[in-house]
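Protein chains: 2
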Amino acid sequence: MTETSDSDFSVVALAGGVGGARLVDGLDRALPAGALTVVVNTGDDFQHWGLHISPDLDTVMYTLAGLSPEDRGWGIEGDSFHVLAEARRRSVDDWFQLGDRDLVTHLSRTGALADGESLTQATADLCTTLGVDRPLLPMADEARPTHIVTQDGRELAFQEWLVKSRAALSVRQVRHLGTSTPSKTAVDALIAADLVVICPSNPYVSIDPILTLTGITDQLRKTTTVAVSPILGGKAVKGPLATMVPEISGREPSAEAVARHYEGLLNGYAVHHGDSFAAPFPLLETNILIQSKEDRVGFALELIEFARSL
Amino acid sequence: MTETSDSDFSVVALAGGVGGARLVDGLDRALPAGALTVVVNTGDDFQHWGLHISPDLDTVMYTLAGLSPEDRGWGIEGDSFHVLAEARRRSVDDWFQLGDRDLVTHLSRTGALADGESLTQATADLCTTLGVDRPLLPMADEARPTHIVTQDGRELAFQEWLVKSRAALSVRQVRHLGTSTPSKTAVDALIAADLVVICPSNPYVSIDPILTLTGITDQLRKTTTVAVSPILGGKAVKGPLATMVPEISGREPSAEAVARHYEGLLNGYAVHHGDSFAAPFPLLETNILIQSKEDRVGFALELIEFARSL
Numbered sequence: 024m025t026e027t028s029d030s031d032f033s034v035v036a037l038a039g040g041v042g043g044a045r046l047v048d049g050l051d052r053a054l055p056a057g058a059l060t061v062v063v064n065t066g067d068d069f070q071h072w073g074l075h076i077s078p079d080l081d082t083v084m085y086t087l088a089g090l091s092p093e094d095r096g097w098g099i100e101g102d103s104f105h106v107l108a109e110a111r112r113r114s115v116d117d118w119f120q121l122g123d124r125d126l127v128t129h130l131s132r133t134g135a136l137a138d139g140e141s142l143t144q145a146t147a148d149l150c151t152t153l154g155v156d157r158p159l160l161p162m163a164d165e166a167r168p169t170h171i172v173t174q175d176g177r178e179l180a181f182q183e184w185l186v187k188s189r190a191a192l193s194v195r196q197v198r199h200l201g202t203s204t205p206s207k208t209a210v211d212a213l214i215a216a217d218l219v220v221i222c223p224s225n226p227y228v229s230i231d232p233i234l235t236l237t238g239i240t241d242q243l244r245k246t247t248t249v250a251v252s253p254i255l256g257g258k259a260v261k262g263p264l265a266t267m268v269p270e271i272s273g274r275e276p277s278a279e280a281v282a283r284h285y286e287g288l289l290n291g292y293a294v295h296h297g298d299s300f301a302a303p304f305p306l307l308e309t310n311i312l313i314q315s316k317e318d319r320v321g322f323a324l325e326l327i328e329f330a331r332s333l
Numbered sequence: 024m025t026e027t028s029d030s031d032f033s034v035v036a037l038a039g040g041v042g043g044a045r046l047v048d049g050l051d052r053a054l055p056a057g058a059l060t061v062v063v064n065t066g067d068d069f070q071h072w073g074l075h076i077s078p079d080l081d082t083v084m085y086t087l088a089g090l091s092p093e094d095r096g097w098g099i100e101g102d103s104f105h106v107l108a109e110a111r112r113r114s115v116d117d118w119f120q121l122g123d124r125d126l127v128t129h130l131s132r133t134g135a136l137a138d139g140e141s142l143t144q145a146t147a148d149l150c151t152t153l154g155v156d157r158p159l160l161p162m163a164d165e166a167r168p169t170h171i172v173t174q175d176g177r178e179l180a181f182q183e184w185l186v187k188s189r190a191a192l193s194v195r196q197v198r199h200l201g202t203s204t205p206s207k208t209a210v211d212a213l214i215a216a217d218l219v220v221i222c223p224s225n226p227y228v229s230i231d232p233i234l235t236l237t238g239i240t241d242q243l244r245k246t247t248t249v250a251v252s253p254i255l256g257g258k259a260v261k262g263p264l265a266t267m268v269p270e271i272s273g274r275e276p277s278a279e280a281v282a283r284h285y286e287g288l289l290n291g292y293a294v295h296h297g298d299s300f301a302a303p304f305p306l307l308e309t310n311i312l313i314q315s316k317e318d319r320v321g322f323a324l325e326l327i328e329f330a331r332s333l
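Heads up: the sequence lines are chains A and B, in that order.
Under this note's numbering, the letters of the first sequence match residues 24 to 333, in that order.
Under this note's numbering, the letters of the second sequence match residues 24 to 333, in that order.
Misleading hints may appear alongside valid ones.
For identical chains, the list gives no copy identity; a pair is met inside one copy or between any two copies.
What the hints assert, rightly or not - Straight-line distance between alpha carbons at most 25 Å, and here's what the computed SDA-like set of lysine to any residue pairs gives:
no.: 1; residue 1: LYS207; residue 2: ASP175
no.: 2; residue 1: LYS187; residue 2: ASP148
no.: 3; residue 1: LYS261; residue 2: VAL320
no.: 4; residue 1: LYS207; residue 2: THR247
no.: 5; residue 1: LYS261; residue 2: ALA56
Since the hints were made in silico from the structure, they are not lab data.
These numbers come from a predicted model, not from an experiment.
Hey, can you work out the whole structure from these sequences and the hints?
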């Protein structure tokens, strides 16, 4: 079997970038059509070259469209970089790498927003042009920029910290600015959900921007909620999480440290082999390293079965 | 000699697209450094894919940078079209052709405007990155969209009429919307000018947007002003002008019809061989077809000599 049988069972996944995208891809294959809705972090969204860029929405969208490269967490497989080359030739700011095909996403989105469309609508349009039919919802229609306050007291927009300064500056605090109003479509999906899955994304910069929106944690407390650890054997699969955990929480990076961050929200938690700990909720200890497409579906099926048993 | 000798002689050219760009290129080569300032129509400016596109500014800028194709009036010679190909693949609106290198211009401009720069400043920045050191000034910093009212009563933004509907709809009227305030830098250049040259651009859609800004015609009446006919032997070198003249003025398309449109502003007028008429100001009858670079400089020198004799 490659999907669960109950078509009335509805799942909302809360997702950030690559780790989230991979689990979403697995859930997408494991669940029947119409069962999965994805609510995506937009705290990383920023303006570059006058364009509205939504890195996490794009990573999830490209993954579901089968366009993501295997070897990097952004952009489109096999994309060319003629525009970027010209930008470099002219000494135009080139720290954020935009491929030629990828650019059409940002141009379409920026044009749609300029025409008065909401980010939710613009995202739906983009998904349609790329053949992605599962609902992909930005967490909010208005801007909610994530800022990083560094140990030396500087405050940087998230992408500037992550990409421009290569996450080299130690983090003291993560701030969530802008709106606190979630997208109505996203809230409606959460209210209707039988299960919420918190994807193995960075809790501070990918999941917290969603959780700190008005009413979201209240809704999660009313719904069966499971998380998947983004830390495996003390290490993050990708990104700066392993160094952020001690910087922000004072704890060693571990599956447990992340679970504590979600305290009061979880009814179950999936951890990697050897990462179990004494938890106040059931644990699913299994292989959660889901880089291949096969591993993604297998784990998603296992996770759904675990969640339905709770 | 390839340039005039008097370095204090200052010239302002009023220019639209291709025809204007070619004369500007000739004047640029014929005049000493610092003598030429170009004030460019921005009535064609529009938003596409969320980008601020300034077709006439770009045509003049690319021509001065030596980047213009010989065989078409837009974009960069040898540009690739990977982004456009992806837009077509996704059925994104593709009626306006944007090359990959060309896109960097629009992205840079849009980014600069989003950062609060004026169009004048954004244009100066673009010129710097392309090695264009002659002042290139948008006629206005605020939007002044040109609209075409068609014979059947529809009103279209200029580029939609010109490019999207291929100028196929007969024109009843040209409207200039938005600001009537010229750029201060452009006005200062006009006040300081010894000579104003109205380039062989479309009078209705390239020059009128400039002339109808507050105070411009008053300033032209105080300054020696010459125009170059955009009509040669009853035909326009490029674009829809030959059909617009009878539609708008009721006159046959001719050098004289254009001169009448500029009534009261001209101290001299350059027409093509055989196009002379009984004019209330001196005419320069010569070869004004300036497609090659050599013809451009030769004619520019002739025009400057003619203007200085007035």
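Exercise. Of the hints stated earlier, which fail here?
Worked result: 1, 5
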